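K.L.:
This is what each chain is made of:
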Amino acid sequence: MSLVVLLAQADPSRVGAGRIQGGWEFVTAAYVLTLLGIVLYAASLWVRRRKE
Amino acid sequence: MPSWLANALLILPAGLLIAICFKRDLIEIGWKVMAVQAAIMLPVGAWLGLSWAPPEREMGDVYRIIYAHVPQVWMALLGVTLNFGCSVAYLMKKSWTADALAEASAEVGLYFGIVGVTLGAIWGKPTWGVYWTWDPRLTSAAVMLIYYTGYLAMRRFTENPDTRATWSAALGTFGIVIPVTVYFSVVWMKSLHQVQSTPKTVDPQMVFALRWAACAFLCLLIVFVYQRYKVARAALAREVAPPEALGPAPVPKGLTT
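Chains as they are written, first to last, in our numbering: chain A, 1 to 52; chain B, 1 to 257.
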């Protein structure tokens with residue numbers, strides 16, 4: 001058994017939940033950026049095709 | 001949700017690509033079908049990733065970035081691999097189609113790469129505590145972005161279409177080393193970035209949502225590459241056309257118009 005597990009068993013209160021709480025703002029930022037990227041790149045292609 | 005259903009989603013884009021290889025006329029209807037499929041699949045994919053898939057054991061809900069980050073990095077790797085194929089094809093056949101497709105795939109690959117790496121940085125902050133670190137995977141991805149930015153910049157420096165196509169084909173051929181390094185960096189040099197997951201180690205719902213998103217982005221990649229290819233072909237046609245001031249090309253003696 002590893003040292004980390006032994007320490008965790010000795011004092012469980014000092015061990016975190018083992019899980020990241022929340023973080024939806026990062027998820028939202030990622031999806032908004034993806035959407036923005038698609039819209040802007042598609043618009044740039046459309047503009048360039050009209051110019052040609 | 002059965003995993004075969006996610007694989008079946010690939011039948012339409014793959015089948016269309018194969019059909020286009022045999023019958024070029026299908027391309028005009030094919031890209032529209034891909035655009036419609038992407039327009040339907042992308043919002044559904046967002047819902048699958050944000051709501052339908054279960055939270056991850058360690059990362060909770062933050063891991064949901066995976067459904068946007070991973071497919072876009074895959075598309076970046078696919079784009080630059082296509083660039084390699086077209087570069088080799090140009091060196092072998094001197095085909096303008098290959099040259100225009102190489103330009104299109106490099107730009108679209110770079111676009112997906114920039115978004116994918118940025119999303120990775122956003123994911124890194126809550127999980128690693130930093131937006132950026134010089135991990136082998138991140139470093140090789142950054143090198144890839146710089147390399148293909150340089151590739152596109154080099155195409156702008158040269159006005160002669162022949163020289164430009166040959167130089168960029170050479171650059172595109174050597175460039176294949178980079179996506180290979182990006183993909184295998186987590187295996188060769190174990191570091192902070194996790195290694196590739198396999199369907200056996202991941203919840204089936206997660207696998208389905210990831211494959212759905214990958215298929216949606218694949219359709220988008222096809223649409224973007226085709227539209228960018230049309231731009232490149234039109235620019236090339238304008239470059240090689242004789243200037244209007246010179247009038248029509250002279251007809252050699254002995255030939256009738």
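Simulated from the structure, these hints should not be mistaken for laboratory data. Computed from a predicted structure; not experimentally measured. For every residue, glycine included, the Cβ atom is placed at its ideal position computed from N, Cα and C. Just so you know, not all the hints are guaranteed correct.
Claimed, not checked - Not everything, but these chain B residues come out facing chain A in the computed CB check (under 7 Å):
1) Met59
2) Pro161
3) Val231
4) Ala234
5) Leu236
6) Val240
K.L.:
Hint by hint, say whether it matches the structure.
P.N.:
Results of checking the hints against the structure:
1. Because the closest C-beta pair between B:Met59 and chain A is about 5 Å apart, less than 7 Å, the hint holds.
2. Taking 7 Å as the C-beta cut-off, the interface hint given for B:Pro161 is violated, the closest approach to chain A being about 15 Å.
3. Because the smallest distance between the Cβ of B:Val231 and any Cβ of chain A comes to about 5 Å, under 7 Å, the interface hint for this residue holds.
4. Satisfaction of the interface hint for B:Ala234 is found here, the shortest Cβ-Cβ separation to chain A being roughly 4 Å, below the 7 Å cut-off.
5. Hint status for B:Leu236 relative to chain A: violated, with the closest Cβ pair at about 10 Å, above 7 Å.
6. Because the beta carbon of B:Val240 sits about 14 Å from the nearest beta carbon in chain A, more than 7 Å, this interface hint is broken.
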